[in-house]
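Line order of the protein sequences matches chains C and Z. Heads up: the first sequence at position 3 corresponds to 3 in our numbering, and the numbers run straight through without jumps. Heads up: the second sequence at position 413 corresponds to 711 in our numbering, and the numbers run straight through without jumps.
Just so you know, these hints were derived from the structure itself, not from any lab. Quantities reported herein were computed from a predicted structural model and do not represent experimental measurements. We put the CB at the ideal spot given by N, CA and C, even for glycine. Some hints could be false.
Derived coverage of chain C by chain Z (criterion: at least 3 residues anywhere in the stretch with Cβ under 8 Å from a Cβ of chain Z; other residues may be distant) [said to hold, decoys possible]:
1) 44-53
2) 87-94
3) 98-110
Listed below, chain by chain, are the residues.
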Amino acid sequence: MRIEIKGLNKVYPNGNHAIKDINMTIESGMFGLLGPNGAGKSTLMRILVTLMKPSSGQVLVNGLDLMKDRKEIRSMLGYLPQDFRFFTKLKTYEFLDYAARLAGLTNGKSRREIVEKMLEEVGLYEARNRFANNLSGGMKRRLGIAQALIGDPRLIIVDEPTTGLDPEERIRFRNLLTRVSDQDVIIILSTHIVGDISSTCTDMALMNKGVLSYKGSPEHLINLAKQNVWKITATETEYFEIQEKYPIISSIPSEEGWEVQVVSKEINGYLGERIEPNLEHAYVNFMENELNQKWIEI
Amino acid sequence: MRAIHNIIAVAKYESITLFRSWFFRIFSILSLVFVFFYNFGTQSGVVGWPNGDMIALPSMIPFTNLYIINLAQAVIAVFLASEFLKQDKKLDTTEVVYMRSITNADYVIGKTLGNIWVFVMLNAIALGMVAIFNIASPYTRFNFLPYIYYFLLISIPTLIFIMGFSFFLMSVIKNQAVTFLVLLGYIAATLFYLQNKYHYIFDYMSFKLPMTWSEMVGFGNIKEILVHRGIYFFLGLGFICLTILLLKRLSQSRFVKEVVMIFAGVFIGTGLLLGFIYIMNINSEENHRKEMVTLNNNYANLKVVQVTSCQIELEHLGNQISATAALGIKNAAKDAINEFVLTLNPGLEVVKLTGAGFSRELQLIKIKPDRPLQPGDSLQISIQYKGTIDESFCYLDQTPLQLENWKNNSGGVNDKKHAFITPDYLLLTPETRWYPTAGISYSSKGLNWLATQFSNYRLSVKAAKGLTVLSQGKKTEETDGTTLFVPEQPLTQIAVVAGNYQTRSLQVDKVNYTLSFFKGHNRFDEYFKVLGDSAVPVIRDLKKTWEIKIRREYPYARLQLIEIPVQFCSFNHAWSSAGEQVQPETVYLPEGGFKLSGANFALAKKFAQNNARDHNETISPRETEANYLKRFINETFFNSKVNQMNFGGIRIGGGGPNVNFAADVLNPYFIFPNYYNYINYISSSAYPITNRVVESYLSRSATDGGNNFMRNMMGLSGDEKGNIALQSKSFADILEKQEDTDVLNNVIQTKSGFLFALMKGAVGPEKFEDFIRSFLEERKFRTIPVEELNAEMRNSFNLDLDQYLPKWYTSVALPGYILIDTKAFKIQKDDQIKSVVAFTLTNTENIAGAITVTFRLGGMGGGGGGGRRMMMGGGGNDDNIEKTVVIGAKESKRMTFLLNRDPRSMTINTYASHNLPSTISQRFEKLEIDPKGEGSDKEEIIPYTNGDEPTEIIADTEDPGFRLVQPISKSFIKRLFTREVQEDDLKYKGMNMWNPQVEWTLTTNEQFYGKQIRSAYYCKGGTGERKAVWSVPIKEGGYYKIWAYIPKIRFGWNRDGNQPEETYNFNVIHDDGTDHPILKPDNRESTWVEMGTYHFSSDSARVELTNNTKARTIYADAIKLVKER
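Next up, chain Z with everything else stripped away, as it sits in the complex:
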């Protein structure tokens, strides 16, 4: 009792002292003010913009706020902890405390509690303020639980640890300044360098630790969180105990000292043990995954049976499931099958299997039929199984590094889950193999496992009482509480979800659209008050527009949109762009529309209101609501990729300006798989990737071309990354090695584009398009052998795929193109004004090539409306004309195109080629009528030309005579703390126009000079300390006229590319000294700008460009010399 009295006494006055310290007050007030304005801006509805994350997931409100508070308090705690111990040393007042009859433990514990109490109060005040904003917010719900959870899991362990650690260090180092430096260094290291490294083990502040709390399922990884926070909580307690032992005061009680020693040991031991468990869990998961892959590899070449029917009876038993799957199995191979394997999640234990002999090893069920299955033979087996889902089994194709990157990079939720089985919720998707499937799921040996089967599914589900069950097919609720699903067509897969759902439905033509959301998550009524039945034409139009683009029809009777917990995620497989969020006739949407930009209706409403006010327009509420809906549908379902800008949000994560700044991420809600992957499958044993190639082609044709802005930010487009990978390896090699998914995707994309351009070139684009669509349409819901496609192509066009595929698949050679002599003018023809575009195209390589030329028609306008369209999501179909040109090896062609309307621009896609950027664009200004001009669509082989002018000497940045004068600008510390550049091995970097690189940085852009590689160095305008130097070899002395190529780069917000006082300061070192010509770029286009005429007698002419300019960025591109006669 006396001890408690003492502890309370010390704590009380310690907290009073701390509360009165100015340092604490200033820091606390600053953090509270920050929190206030942050919430005022994001939640009040008065100013600022409604934050989509907070609206979608109310737990993000205390979560993000606690990050701010936690960061502030970690720093204050360090300051104060070292400050107090310093005071203890200095002041005699401490002596009058030390001589009192209290134990060292009472004193240190009291002191710690006093400090913690004040911080707890700070947290309480801040969270109270946040809660008031939250309750009053017009946008979002208030949920009290996450406030408590996050406080306990983020703040408390952080405080205990940092205080214990600071006290301990101060006791050991005994020098306030040194301790302070060490501690701040430690904090900085965890914040900026260690971050999420080593699975967040060093993240004591839980600044990066995945801790998302879902209203549907709570935390997805509570064990991991508790272990992680436990590490720091117990280490903190251990350090406090060590501080008691190290306190410079004669101990009062040997007994207490011994007890403290024991506690110190127990606490530190527990902390270390938890750390060990944490690491072991991760390592054992990695080993487990390796084991599973090794096992799969053993069966990589085993014949795979066909599952013709799959009838599943599923029972949801709290944290487990129990199921019986009756499988109809057929040998569709040409040889007899003695043994085959099925895959079932290793967390599910097979209780009974009837119909054949079996053995189980990890994820595999090895089946030995009583007698060998002859070709065409069938077999019925029934498997009863029970258990839970082992998520480590999912995505075996991903390496630990890829998984880590996935976790860290996408979407703000890092505690990613692939399945949920809780008493109140169930979500099982095919990736988990919650029901047995034929063959293995993945192997690192060969690609035989890569196959899709269509089966007749039937699913009956008995879920916990009150839960709504949703799956594919016609739904019937039986009287015994089971729900039966019978899909109308054979499916490639089936998924099931059960939860506390509410469903809204809408019939539009033949499709029944349903929206199932978690009870209490209705955010629709508020934003769609008047739309009502007007949604029907909106949906109809959007569907129609999309289906015209993709030239396919939605094949199902229903489309279900189902809200699922925010932690659910899927990773991209290389062999399919379909993620788990899109299932047959179903799309799973993240909780509250988390991170779906189109689902932030509050923001859309605010934009609409502001827009109407700014433009003095009146838009009816119905129209406004229709606009939100359009935007939501367009952005969510019809975009193949999402542009993810990684500003890091509140969590620090950005790294350097060129680090992972923007990423092109596949949109997991892209509806496309319901138009291809779940309807058609083309099988090929020789070219297993064929299906993926067709998929890539179709999905690309349904989406607008690449986003130039993103391309420029990233330095390379996906196609170009693919191109680079293909420079030294064949498609087959890259597939065989199963390289990085991102590279694979890009290679597939570019190779697919190339193959289809060849096909289109051979038979004509329209004909080919019609053919491939109707071919697929006639063969829905079954596997199509590639031989069938080939036979059909031979019949229709006398075109043999086998002529193309082997070279396309195995050759390393790539074509490379030069585009010269582009002319565009108008002519009068048959009383009509038409436009003509002509150019010369040369393929410089020894392999035939194919390109597509896309003309964007519609006269002037400069491609305007982009910004507005992006906001409102109109997404109208542009009037584009696409032409395909096939060109032989080492061949030049003069191409002429006759167009009915003015072209705005021309884009040439070179696909798999040596060209960088892989697209070449040309904008057209107003075209003049050429009275003598004539034209018709014409393609003419002309003598080979590479466009070289014999009189011109051109020096580019790619030439050996080019060099840079480049002082190192980053300090040692900055370099130390700059995050590793993941794409450091890429030669060409992205261009960041907001914050241009200080150093010369090599990048590519179609505005740069270059025959095939259009590259240049760019850097921020400076004072002349950096130079780009061209040493141009010249054969003979004399007078030379010099030009510099000055590009005009346009970015979205700066359409003209004008920069203030944009000057290029050159130095020309000539025979009579050095001249300093100052050039101004051409305002309209990238072009050669004349510098003057100089005399050179040596064997090379030297020209320098300095970064001395007031322009934001400057480009070092190319220099041209022409000898004066």
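Pulled out of the complex, with its shape left as it was, chain C reads as follows:
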């Protein structure tokens, strides 16, 4: 699978330029899309799932044009929208069956087996006769993932999938996606939660204010942050000064006062040491220090 995005723009009727001139290629595997709120992630995803028309540019999915070959592209899609909470008056099983039918599973018997299997995989088999609206938040999310995965889609797009999930559920979800990504599929995972990407994605992009700011591996992004992540031990007074000067990743109270992690090229006189960055540090480092460098290509 391969998605080529060329010169993609979206300008809303109110003049808001939601995404600007995006060019990138996404290959099979898990692809993470990271960026602050309003960065244009959701717009990009809605364009990719054919819910929205771009203002200009081209998207090719396995060589098929998103604007012209919607039928074929839609038959490859699985999608979990960001705010997937409200259901019509359908039961869990019925909702998934509806999705399965629309995903092209025409054979009744095999569809039933697939739906049941999927319900088991997402741990909703016991709740299959409950109204979807009455499920807990996590269960609703799982049902959302199940409907996105049903019918073996080859392009799966999930928008903020782990929001509201407890850690255990989040891990289960990651594992489920990872398992699917073994096949020749693209999974695009849009999130604020950096941890979701670091643990699953081999490739990622970072968007800010509608612009694609980074495209590459998570490791490279981490490398960019090396030398720039510090752990400072600070007194109460210093802690307040540091807050003013540097972006703080974490702060833990200690016997001496505070143990603070910051992203910065130097720490000018504070007592501290460099530490190994993770993706979260890398993300903050990138947003703080690198964003002015226009485009980083590996």
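Model the placement of chain Z on the given structure of chain C, informed by the hints.
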């Protein structure tokens, strides 16, 4: 295939979602519960009353039920359609559907089908329930077909349209609340305002659209129905296609989009085209009718030949007829005839005509004899023709508006038909001119066309195999399958019917009675199990009673009652009260007795059972059955009018309380034409209406006087409407202009009454009655020139009609009467107690007048028994004495009548006069013996008096000093949706006692004060926001005693007219301030009630009546002032 899979997937889950919505569930359950109780009440036999319509016409069962369901589902569909699209906008769940590989068409079609499926199920459940009631009903038959037909024709197009339209509007307006308001507004407009306007074109729910299904012939107007329902079906599909195109989702397939665009165009185009065809059909019919009238007008003055004999050979060929008519023609005129016309239905094509030259134009056959027909000459012609009946030719005298009113108003069946030619059924009546007749059928120019001819008919009919043929005359079935009819007498017309009939017959004295009903429609055996031969004396008695009343004898050897399809109808012509349902020796009855109140035997049985139980009486089954029969015969054949209460039934139609609430409709089954119209005809070239006037007189003498209750409901009686028309125009003018049939009928009725009162006054009532009857009896089955009548009257009474007729016909002046000083007492005379009634009658006008005074004898009893009699139809002859009084111009007479028994009441009919109401009634309580009293029948001219007391000042509501304080009560919306008041131009409105008018409403009643016009304003009791104000002019200041006239109105169920806490709150504005006298009406009669004595110094005294009362209604009538000495 994938598309079908997708559509089914969307439809399945859409229907599940809809089915689970609470809104749908609540609404559906409510409608099902309603349907259940409606049917339980009308069909189960356990509770409620058997519904006559449903018994007569089983198709009414699914029909009425589908109306209920359809109304409910139209509203639910709108709610849901807008609800679903709103959900679509809001929920992310929709996005996971939208990104799937389905086309927009799959999605919208699936959604629509899912919704429709649930509604179809709702219909199926409701209809299934109805069907179970129907099958189990002890009253009626079950017929499956109309269930299917009505479902397909009512529900499906309605659902497709309203859903398509709602989806479309939601897509365009994009605001649920606004869409919803627009849609509900649209529904309300079609239901309450547009209704049947513009030929039902806006009636998407087919709430008013005529759709009666007969078991005899199916739908009468299937083409019209299909076109109409097609309009909405295709527009609905078109809107669904537009919704697909407008769906806020990126389309998946350009090809599908283009196909949908084409379909949208085709569907909307088809819908509009059908609408165009629908309108065009109506317009072209109107134009066609105009053409025919114009053509007739061209021949309006052409001499008319006499058809002496008419021999018709008719063959029924499926949807057509083929016939040959051999006509014997005679020139009965005084001049030679070079050319004449015959009328034949324009749908029938003349194949061949022998005996003369001819040309055909529309309905006319123009005949040119080889040589001119000299007076008395005869000619034989034979016309062979073929085709079908063009019904637009019928009733050319009716304007489009009248036809529309006819269609909308009478009898619950709006798809009215005048003829049937189907492979299984044939019905042809003379109005269609299915055989050629002399002259033209109608012209708007002059009245020469108005003539009846008696001809010797002979009819042979070859109908489709197995059909029974029925017509007039002696019937013989030939071996070759033809049926021959040879009437014993010359007839004015002949009709034919052929169908799958069963006939029962009964010989009573000289008349053979037959009842022919459609096979399977036998509802008689069940209700007449034991009557058997006892029916003979019942029929004999009823006939005898009726013939004593009408003073004529039935002239034929047979009377056939034939059931015909429910859609058949006839409209009233102004020149005859005979409708097409009554033919010589025949009455056509509507299918199953539809809308014949006397034919609901199930109801009669239930009434009888309840009555026996309530009164603890034992009535033998034979007596009960005899009672149903009597009631049926009395109500169906012997009532000239039917009181039609327009409650609207299930179909909404009532309008405001004063709108068309009750109507006096001529009874189309009234047997009278067989006692006059088809036996006698009086011709007059100077007064062509003479025959109709005689007819009106005779038919009126055979029926009881007007129904006061109906009169009060309608505000004016027929006579009064006639009177109003005559105030400014002469009889001749009104006839010449051929005004509204209703007005014409009323004018004819009142003028006829007046003329005959004059005649009776001149020669004596009894003598005149005997004379006119024997005159007509001796001249049966032929045309009587009016000159012959005049000659006979001159011989018998030395009375010249020509002295009366010109003035009666052309003068605008009318008499006006004042009745004063009525006295009634008993006297002892020749050892007997007798009663005397005396009164003074004044004619205030410059033209002589005549009135009749009717005394209802029989002492006390207050006219009781009415209710019971109405139910059981006893209809005994009341003991009435009728006197006629002729009074000169500006003359006063003291009249004294000596009666052998106590009078219960006296009614004076003033006929054509200035009086409103046109009758004056007086009830008499127990009469006292006056020892000094004496009396004999006496008529004495006295000095002219108009009854004015010089000391009294009376202010009436008709006076200029009277005004009302009247806030407008109807809201804008209510006014907008109130149906137009058809009789809005009438000054006096009816009185509705169940739901009195909130606003002051002017009405007339004989209980009101007034010398000639007894009018008053009435309104509902309220809180004092409305006032009636009399400013009474006074010449000099001083103390005045004041009275108010408080009427006592009695209605059927409230004989005493008592109302709870009935008080009249007055304000008297006098010199010392304002006083508030509270008056109570006299419990016995309408009278002056004293208010008190007040001082007034200004030039007028002011008295106000407020509507502040707990009484249901209050009347503002008149105020009287008398100066204290």
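Structure-based check of all given hints:
no.	hint	in the structure
1	44-53	holds (count 5)
2	87-94	holds (count 5)
3	98-110	holds (count 7)
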